[in-house]
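Q: What follows is the residue order along each chain.
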Amino acid sequence: MAVPAHDARQEWLLEARGVSKSFPGVVALDDVSLGVATGSVHALVGENGAGKSTLMKIIAGLCTPDSGELRLHGRAVQLDTPRRALQAGIAMIHQELNLMPSMTVAENIWIGREPVSRLGIVRHRELRHRTRTLLERLRIGVDPDTAVGELPIAARQLVEIAKALSHESRLIIMDEPTSALTERDAEQLFTVIGELRAAGRAVLYITHRLDEVFAIADQVSVLRDGRHVGSDRPANLSRDDLIRMMVGRELARIYPGAPGVPGAVVLAAHALTGARFRDVSFELRAGEILGLAGLMGAGRSELAAALFGLNPARTGHLSLDGVRVRIDSPRTALAHGIALLTEDRKESGCFLMLSILENLEIAALGREFVRAGVVRGRAVREACGAMSRQLRVKTPGLDECIGNLSGGNQQKVLLGRCLLLRPRILILDEPTRGVDVGAKSEIHELIARLAAQGTAVLMISSELPEILGMSHRIMVMHEGRVTGTLDRDQADPVQIMRLAAR
Amino acid sequence: MSQARTLETAPGAAGRRTHRWPPEAGILMVLVGLALAFEVLGWIFVRQSFLFNEQRLVVMILQVAVIGIIAVGVTQIIITGGIDLSSGSVVALTAMVAASLAQSSEAVRAVYPTLTDLPLIVPLATGLAVGALAGLVNGSLIAWTGIPPFIATLGVMVTARGIAKWYTHGAPVSLLTDAYACIGSGAVPVVIFLLTAALFHLALRYTRYGKFTYAIGANPQAARVSGINVGRHLIVVYTIAGTLSGLAGIVTSARAESGQSGMGMMYELDAIAAAVIGGASLSGGVGRITGTVIGTLILGVVTSGFTFLRIDAYYQEIVKGAIIVVAVVADQYRQRARRRGA
Numbered sequence: 001m002a003v004p005a006h007d008a009r010q011e012w013l014l015e016a017r018g019v020s021k022s023f024p025g026v027v028a029l030d031d032v033s034l035g036v037a038t039g040s041v042h043a044l045v046g047e048n049g050a051g052k053s054t055l056m057k058i059i060a061g062l063c064t065p066d067s068g069e070l071r072l073h074g075r076a077v078q079l080d081t082p083r084r085a086l087q088a089g090i091a092m093i094h095q096e097l098n099l100m101p102s103m104t105v106a107e108n109i110w111i112g113r114e115p116v117s118r119l120g121i122v123r124h125r126e127l128r129h130r131t132r133t134l135l136e137r138l139r140i141g142v143d144p145d146t147a148v149g150e151l152p153i154a155a156r157q158l159v160e161i162a163k164a165l166s167h168e169s170r171l172i173i174m175d176e177p178t179s180a181l182t183e184r185d186a187e188q189l190f191t192v193i194g195e196l197r198a199a200g201r202a203v204l205y206i207t208h209r210l211d212e213v214f215a216i217a218d219q220v221s222v223l224r225d226g227r228h229v230g231s232d233r234p235a236n237l238s239r240d241d242l243i244r245m246m247v248g249r250e251l252a253r254i255y256p257g258a259p260g261v262p263g264a265v266v267l268a269a270h271a272l273t274g275a276r277f278r279d280v281s282f283e284l285r286a287g288e289i290l291g292l293a294g295l296m297g298a299g300r301s302e303l304a305a306a307l308f309g310l311n312p313a314r315t316g317h318l319s320l321d322g323v324r325v326r327i328d329s330p331r332t333a334l335a336h337g338i339a340l341l342t343e344d345r346k347e348s349g350c351f352l353m354l355s356i357l358e359n360l361e362i363a364a365l366g367r368e369f370v371r372a373g374v375v376r377g378r379a380v381r382e383a384c385g386a387m388s389r390q391l392r393v394k395t396p397g398l399d400e401c402i403g404n405l406s407g408g409n410q411q412k413v414l415l416g417r418c419l420l421l422r423p424r425i426l427i428l429d430e431p432t433r434g435v436d437v438g439a440k441s442e443i444h445e446l447i448a449r450l451a452a453q454g455t456a457v458l459m460i461s462s463e464l465p466e467i468l469g470m471s472h473r474i475m476v477m478h479e480g481r482v483t484g485t486l487d488r489d490q491a492d493p494v495q496i497m498r499l500a501a502r
Numbered sequence: 001m002s003q004a005r006t007l008e009t010a011p012g013a014a015g016r017r018t019h020r021w022p023p024e025a026g027i028l029m030v031l032v033g034l035a036l037a038f039e040v041l042g043w044i045f046v047r048q049s050f051l052f053n054e055q056r057l058v059v060m061i062l063q064v065a066v067i068g069i070i071a072v073g074v075t076q077i078i079i080t081g082g083i084d085l086s087s088g089s090v091v092a093l094t095a096m097v098a099a100s101l102a103q104s105s106e107a108v109r110a111v112y113p114t115l116t117d118l119p120l121i122v123p124l125a126t127g128l129a130v131g132a133l134a135g136l137v138n139g140s141l142i143a144w145t146g147i148p149p150f151i152a153t154l155g156v157m158v159t160a161r162g163i164a165k166w167y168t169h170g171a172p173v174s175l176l177t178d179a180y181a182c183i184g185s186g187a188v189p190v191v192i193f194l195l196t197a198a199l200f201h202l203a204l205r206y207t208r209y210g211k212f213t214y215a216i217g218a219n220p221q222a223a224r225v226s227g228i229n230v231g232r233h234l235i236v237v238y239t240i241a242g243t244l245s246g247l248a249g250i251v252t253s254a255r256a257e258s259g260q261s262g263m264g265m266m267y268e269l270d271a272i273a274a275a276v277i278g279g280a281s282l283s284g285g286v287g288r289i290t291g292t293v294i295g296t297l298i299l300g301v302v303t304s305g306f307t308f309l310r311i312d313a314y315y316q317e318i319v320k321g322a323i324i325v326v327a328v329v330a331d332q333y334r335q336r337a338r339r340r341g342a
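Residue numbers (my numbering), protein chains in the order written: chain R, 1 to 502; chain D, 1 to 342.
Careful: at least some of the hints might be erroneous.
Cβ-to-Cβ under 7 Å is the rule here; a few derived chain R residues that face chain D [unchecked claim]: (1) 334; (2) 337; (3) 342; (4) 349; (5) 365.
Quick look at which bits of chain D chain R covers, simulated, 3 or more residues with Cβ under 8 Å [said to hold, decoys possible]: (6) 198-209; (7) 212-226.
In short, the hints are calculated from the structure, not lab data. Heads up, the beta-carbon is just placed ideally off N, CA and C, and yes, glycines get one too.
Using the sequences and the hints, build the whole thing.
A: Following this line, the structure appears as structure tokens:
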């Protein structure tokens with residue numbers, strides 16, 4: 001890094017100094033300092049969980065830092081609410097757009113600030129006029145009177161940008177704005193971004209797509225594990241330099257590693273195409289851990305959902321032990337011995353208000369422990385107690401509400417729910433996300449042990465060390481397609497990122 | 001690691017839990033408190049005992065037995081995170097249909113002049129089937145079209161009441177057989193109520209049916225991932241609740257010895273109130289039949305207590321409304337405390 005990460009002498013529009021933020025169990029940002037210059041596009045890159053979103057949220061007033069300060073034009077500011085940030089000239093365009101679909105473009109842009117007559121009636125003509133002027137200035141060809149819900153995603157994003165500018169914002173934060181856009185729409189967005197730069201505004205641009213960094217950014221900063229690794233002009237860097245900065249860390253922790261030699265193929269996918277994944281084929285062997293790497297939105301979770309029958313693939317087929325099968329619901333998946341640990345513990349995993357016992361037993365009740373509809377209470381309790389001890393769930397008892405457990409222990413319970421089914425194929429979607437370090441290595445050991453006993457494991461993870469430390473083979477996805485499969489000994493972080501980030 | 005204990009290191013912990021109060025303890029206190037309050041007020045104002053009067057107690061429970069039967073079904077629906085507004089109308093519809101098949105040969109203008117003096121099983125089975133059918137419609141609408149239970153059952157509520165009126169063009173169905181009237185006489189409704197309550201209490205606690213019901217209410221998405229056929233299970237739950245409303249319709253018509261299309265008016269709201277007072281949470285996943293029974297009794301105590309004190313019926317409703325709101329607010333606090341890790 002030729003240019004220092006942070007140069008106090010330069011006049012910045014916005015400057016972060018020593019910003020730190022931690023959440024229970026994780027340090028999201030650790031002493032981050034960087035500056036954004038007027039009339040520039042500043043790209044922010046890093047792996048999933050590197051702290052990009054947290055930094056954005058702090059700048060946009062959505063959360064407050066534990067320490068450090070933000071300076072606007074050299075003066076320290078307190079941005080503790082989004083409103084304050086907006087008043088200070090900072091607007092954020094969220095990934096999930098915050099527009100009201102049933103209202104018109106004009107109404108959305110000026111919501112809460114509509115020009116009104118003395119009687120409190122909205123002056124529609126002026127509203128429309130103002131909107132048109134604004135849109136023309138940005139060369140956005142959208143009719144102010146259309147309902148936002150009728151616009152394509154790309155146009156909605158442009159409306160969001162117009163809304164940000166209507167606040168006379170000087171700094172606009174964009175969080176992966178092109179993730180939902182086609183290439184042509186992205187081009188239009190880049191044109192608008194160019195206009196913004198020319199008008200002296202600054203854009204802070206989070207992205208996973210490295211090509212975009214080289215296409216539009218004046219400056220790029222890399223975050224890794226909550227730390228600011230460095231900043232430079234893209235022209236001074238190569239793609240590989242960037243990737244190395246993003247992943248360049250040693251395997252700090254010791255992983256149990258992939259055990260044994262995989263056996264026969266148990267699951268084979270042939271040209272699966274479905275929601276957000278296309279033409280995916282792979283084989284999974286008994287006793288194998290197949291890592292599935294990729295960036296967020298690469299279609300990995302959607303693939304898992306399809307394999308488990310939650311949202312079946314539209315075309316292509318699956319075979320188990322060489323026999324073609326149709327899996328159209330989780331029930332059939334479970335009947336075939338496929339279990340899934342879902343990505344979102346709260347959303348689709350836990351029954352938060354129920355006890356540990358009730359959370360553990362529920363899937364197994366579909367096949368076991370029931371005689372003539374009546375649950376064999378003692379047998380279930382014994383089996384669940386044994387499972388809970390085996391997984392070392394830390395709790396005073398099985399009747400404790402699962403909502404009172406830590407993330408790691410909840411995850412162990414959910415894993416236990418899968419294991420009570422004795423699956424032949426186990427799909428794990430981010431098995432250690434939001435899990436503390438201790439529980440994390442326990443879960444890793446458990447996965448390795450299961451594979452050693454012959455379970456076929458498909459493990460989705462956004463943590464490269466986890467993927468590299470655990471898998472026999474690593475399959476990488478990018479925008480719905482498999483971009484490569486690497487053997488354990490030829491895989492390294494740079495290789496994976498190259499396939500994942502394109 | 002040091003603070004939390006694993007199961008291995010905390011062998012006595014399971015025993016400690018049994019000393020916790022069951023969730024019904026709170027509202028049981030409310031029931032006892034209300035009864036004692038009426039007892040004291042009774043001695044002060046009307047110089048009588050409220051509780052030590054067998055006849056009054058029987059009447060009190062009789063009054064709410066029908067509500068209680070419905071509430072047993074509604075509780076199960078509420079546990080799944082749903083609601084049933086159709087129960088009152090289903091009571092009316094089944095009362096009409098069952099009564100029309102239970103008329104004695106003395107009836108001059110019988111609905112089916114050739115079908116009088118039928119064996120008891122005919123009106124019973126038909127009544128239950130009509131209730132089950134209404135529930136099946138509710139459940140299928142919810143499971144297949146995905147419309148909210150509130151809307152689906154609102155539709156069935158209006159339709160069922162309409163069919164009940166159309167059935168005899170508004171005329172009541174009277175002169176029923178003695179065997180049929182027996183179902184509503186004496187303490188029989190109370191026995192039916194307590195039997196259904198006991199049956200479904202056991203079903204919810206000890207069967208797979210019960211476990212799945214709670215799971216769906218607690219998190220439908222997780223239930224699906226756990227291999228539960230959520231739609232099919234919901235249909236079963238709504239059908240059971242419909243059947244129980246049908247049973248309530250039979251009891252109501254037997255007790256009145258006639259079927260009328262205006263029967264069961266607003267019963268659905270009383271039943272929901274009983275379940276909610278009893279601790280069932282409208283957001284799903286929480287609720288017990290024992291609580292609902294106590295909730296039903298609270299409604300009964302309030303109703304007969306006010307009558308006993310010779311206070312206008314208007315006040316009854318005002319107080320009933322307040323009790324429902326207080327119960328739900330208390331429930332919210334309880335849940336918040338639980339989430340904080342009580």
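Q: Work down the list of hints and note, for each, if the structure agrees.
A: Evaluated hints:
1. 334: Interface hint status for residue 334 of chain R: holds (4 Å vs cutoff 7 Å).
2. 337: 12 Å, violated
3. 342: 6 Å, holds
4. 349: Holds. Min distance 6 Å.
5. 365: 5 Å, holds
6. 198-209: It holds, with 4 qualifying residues against the three required.
7. 212-226: That given contact holds, which follows from 11 residues of the stretch 212-226 of chain D lying within Cβ reach (below 8 Å) of chain R.
Hint 2 from the list above is the single one not met by this structure.
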